[in-house]
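A.B. asks: Between the sequences and the hints, there should be enough to build the whole structure, so can you do that?
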Amino acid sequence: MRLSRIAFLFCSIVGLTGLLIQPGMAAGHKKKMMKKMAPAALVSYKISDGPAITAINKSLTGKAGDKAAGEKTMVNKKKGNCIACHVITKLKAKAAKNPKKYSQMGLIAPPLDGAASRYTEGELRMLLVNAKVAFPDTIMPGFYRADNLTRVMGKFKGKTVISAQDVENILAFLVTLK
Amino acid sequence: MGRFIKMALAGLVASVLMSGAAMAAPDGKSAPIVNKGDHPLPEVWSGYKYSKVDTQATQDDEFENPANLWTEQGEALWSKKDGSEKKACQECHNDAKASMKGVATRYPVYYKPWKKLINLEQRINLCRTKFMKAKAYKWKSNELLGLTIYVAKQSNGMPQAIEVNAQNKPFWEKGKEHYYKRRGQLDMACAHCHEKYFGQKLRANTLTQGQNNGFPTYRLKWGKPGSIQRRFKGCNKQVRAKPYKMGSDEYVNLELYVRWRGNGLPNETPSVRP
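From first to last, the protein sequence lines are chains A and B. Quick note on numbering: the working numbering labels position 62 of the first sequence as 1461, and the sequence is numbered without any gaps. Quick note on numbering: the working numbering labels position 102 of the second sequence as 110, and the sequence is numbered without any gaps.
Source of the hints: derived by calculation from the structure; they are not laboratory data. Keep in mind that a hint or two might mislead.
[What the hints assert, rightly or not] Each pair of labels, with its calculated beta carbon distance range: (1) B/188 to A/1500: 28 to 36 Å; (2) A/1496 to B/208: 20 to 28 Å; (3) A/1546 to B/84: 47 to 55 Å; (4) B/38 to A/1498: 29 to 37 Å; (5) A/1513 to B/207: 49 to 57 Å; (6) A/1468 to B/188: 32 to 40 Å.
Remember, it's a predicted structure, so these values are computed and weren't measured experimentally. Cβ atoms here follow ideal geometry from the backbone N, Cα and C, with glycine treated the same way.
C.D. replies: Below is the structure:
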């Protein structure tokens, strides 16, 4: 309780720079509820300033990402589903051959082509974890967060959309988009 | 003199007809309803605009519309006696074609005894339980869908006409709040898809403005008609939010607000959507 209050104060005074966020931590009065839902503890991470936006510079898992696995997560409708909104030109040939798996790529968000030229690896990690830290009004879900959400459906309560390793795997794919 | 008047009249009639043809009323299908001033949508479009051509054709074809089965059932139920009072809708409301004209365009309305809103389906069920002493129909029943379609269809071509007044304003406000509130694991509000990105592709689907001028709609995905209340649940589930119950205060308030957003759009029940 105290720590979360301090974190809140810190957040409002200092802003997000250098703030240590521990999304898995719940306030004391929520302990009972959290226990019942038994969510897997989220990896904590540190947010710092990147050249363009905020960033998480350290790997969430300490393990190298697998870019082939990342690509699978990105097209999986129940996981990253990145192509629901983003075009990835590099995958278009594959999509033409396997339209069921890749479906049509959406046009809501900017194409991911050249993403690694626009943002650092740490910034891309931040966008995957919770894009709202950098862009508060975005439609983009936070893929590695489980806190401060409203009316989450039972089976997703306390869970993140993708795992910390999924984030690293997708990142391994994204950094190839120069 | 008589001839002159006749000619002048003919000229007047002709010019009125011609100006009418030249200024075809915006229907939200090929031309938008244009809003000026304080409205979240400068242009209002029916979901029809974002459907595939063959889906539009299925809706437009009077004989091919797959919701016809339900419409016909609704028409039959209108005059069918039911309940311990052995009454039919017709006995109080006479010919639906006259009495139900325009009703759908102004629902949900404030219902004093409930001190809150009532939507069309709830109104039909209230008539059944209160006056016919018959059982309320279930939300997804063919009977309720059929009757609601039959009633709503009588407003076809008429503009959505929600007037915000002292009575419904608090509920309109709640509906609006719901519309802009992020929810679910995916943390999205109605406004994200239906205000910010309508007309754009979400994977293979084109996002619409989420208008309800065609509800109950025949949804190809459902293989049957469904209410706007059912659609709300689907939307909530898609963002991984716990849905409310059909007919809940939250959804009926939202229904009012959503219909208000579509003010001016001609009614087109039963619409056909993907």
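A.B. asks: Does the Cβ-Cβ separation between residue 38 of chain B and residue 1498 of chain A fall within 29 to 37 Å?
C.D. replies: Distance hint for residue 38 of chain B, residue 1498 of chain A holds at roughly 31 Å.
A.B. asks: Could you check the hint for me, namely that residue 1496 of chain A and residue 208 of chain B are 20 to 28 Å apart, CB to CB?
C.D. replies: Given about 25 Å between the Cβ atoms, the range holds.
A.B. asks: Tell me if the beta carbons of residue 1468 of chain A and residue 188 of chain B are separated by a distance inside 32 to 40 Å.
C.D. replies: The hint (32 to 40 Å, Cβ to Cβ) holds, given that residue 1468 of chain A and residue 188 of chain B are roughly 37 Å apart.
A.B. asks: Evaluate the given range 49 to 57 Å for the C-beta pair formed by residue 1513 of chain A and residue 207 of chain B.
C.D. replies: This hint is violated: roughly 25 Å between Cβ atoms.
A.B. asks: Between residue 188 of chain B and residue 1500 of chain A, does the beta-carbon spacing fit 28 to 36 Å?
C.D. replies: holds (35 Å)
A.B. asks: Would you say the C-beta atoms of residue 1546 of chain A and residue 84 of chain B sit inside 47 to 55 Å of each other?
C.D. replies: For residue 84 of chain B against residue 1546 of chain A, whose Cβ atoms are near 53 Å apart, the range 47 to 55 Å holds.
When held up to the earlier numbered hints, the structure conflicts with hint 5 and nothing else.
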